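Residue numbers (the numbering used here): 10 to 561.
Calculated directly from the structure, the hints in this document are not laboratory data.
Any given hint might turn out to be false.
[Claimed, not checked] Derived DSS-like pairs: lysine-lysine, alpha-carbon spacing no greater than 27 Å straight-line:
no., residue 1, residue 2
1, K533, K393
2, K95, K545
3, K393, K269
4, K427, K95
5, K409, K477
6, K477, K545
7, K312, K327
8, K327, K270
9, K294, K535
10, K409, K222
11, K509, K427
12, K414, K294
13, K327, K222
14, K545, K409
Note that the structure is a prediction, hence the values are computed from the model and not measured.
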Amino acid sequence: MQKKLQLALFALCYSSLALAQNNNNSQQQAKALDENAFTFTEAQLGEDDNMSQNVTILNSNTNAYASEVGYLFSPVRFRYRAFNQKYNDIYINGAPVNDVERGQFSFSSIGGLNQMTRNVDFSLPFESNNYGMTDMAGSNNYNFRSGSMAAGHRISLAAANRNYTLRGMYSYSSGFNAKGWAFSGSLTYRWANRGYVEGTFYNSLSYFLGVQKLLGKHSFSFATWGNPTERATQGAATDESYWLANDNQYNPYWGYQNGKKRNSRVVNDFAPSALFTWDWNINNKTKLTTTVLGKYSMYSSTKLNYNNTDNPAPDYYKSLPSSFYDVWGSNAQYQTPQALAEWQRAYDWLNYSKANRQINWDRLYAANQTVNGEGVDAMYYVQKRHSNNLNVTLASALTKHLTDKSTWNLGFAAIANKGSHYQTMDDLLGANTFHNINTYAIGTYPVGSDFLQYDLNHPNALVKEGDKFGYDYTLNVMKGNIWSNYTETFGILHYSIAAKIGYDGMNRDGKMRNGLFADNSYGKSKTANFLSGGAKFSGSMDLGHGSVISLG
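All chains, full assembly: derive it from the sequences and hints.
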């Protein structure tokens, strides 16, 4: 009965939201056309012909396929040409926002901002745009200007059975008032005490605040947003583990502590961001857009680890039945009656109780407390890996309509990023001591050797909860590029040319002198410099009735 009630509630919410979405989309599309009318030429609008000549040529906003897969599936799930996501360039108000270290954009940073992210331009790999040279997997540009968002209030309640179970969302956009001001805001909360996979939880708050002011030929926009999230993750396991659990959603990352579930892999993610955009309509044929964006992303992930003892993972291969008996018949040494008995013992143990297939937190605490009196380091502990990035981006683009059928774009982007990467002690699990020593190297190098030290500047340092250990370094990246493109239309023929040249510089600043790399792990490294560039050409012919031949 409860499931039926939840299903009915979900259907009711979905139907009302779908209706509201359709109404908002029509208003939004009208506003988007008004906002982008500056960049449309006569040929793009098809005003001189009963049949639009380039509905599928210049911009995938009007490309039914690209718009549908881009919005309904989103770039998180759909990849143009199956390219890696790092080849899909993401922009916000014309400023590139892909992570400069990994190359990919973190879509979680705008998670929950459904209404604020509806205004987006999609460019396929050989299409042109006015904010950069399109990459091999396409480009997306999100419009965070408050005046471009559909005016009105929107309240949404939803239930789900995936990462989160409940979601509440409120958004508001004022549209431009008589004084040329526009305001927008959004607040979303997503929650799950348990996700679809056992042992997981989800807790996320999303916010957005924006304002825009029209002043003659100028427009000034400001927006700030963030999505602080805490979530427990699911781990992959072997087919044997799924078979033993009789559950394809088996998750080895959690276990019971004092009768309550605890996950060993917890992610905390928060990337507060802010941008300022200046749009200047110099004249009817020329426009300049400049955006400054600042972001400080904080990401951390915990992991259960061990020291001079057995691996505590419940799906560790030495704990599984197949470790004792060779069921495939390829090794007679592991097909003895004793091996079969060991196989049966392991099988019976793992099938006796669900708790036996999960992490035994109480046993880990007991083991650490046992060795406390001996002055031995923690046998088990939870570490936390951090990746924090301070990023400042400046981007500017000039659009010039040379004629009614030709457009020239020119722009640049400059990015400075400081990435701090380090590891801290999250939980000693009842232990009293732990030292900053590479225990994995003890079997290779003698005790007391400098090679065992993670930091020779502070040898044998005592590590407490919250202290850094293992590694600590900063990665500094400077990145910039200049790009340009030109498009022109001759009746049913259209072509575009684009090119860019870029620079990447990076260096590492080590905070610890690692014993294995004593001469080059501490301090600043030399700066590695790289030049990059590219060019592309595309042409198309409109055959009419929605048929187009393209070459790129």
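Hint by hint, here is what the structure shows:
no.	hint	result
1	K533 to K393	24 Å, holds
2	K95 to K545	19 Å, holds
3	K393 to K269	21 Å, holds
4	K427 to K95	19 Å, holds
5	K409 to K477	53 Å, violated
6	K477 to K545	47 Å, violated
7	K312 to K327	20 Å, holds
8	K327 to K270	24 Å, holds
9	K294 to K535	46 Å, violated
10	K409 to K222	23 Å, holds
11	K509 to K427	25 Å, holds
12	K414 to K294	12 Å, holds
13	K327 to K222	65 Å, violated
14	K545 to K409	20 Å, holds
Of the hints listed earlier, those the structure fails to meet are numbers 5, 6, 9, 13, in rising order.
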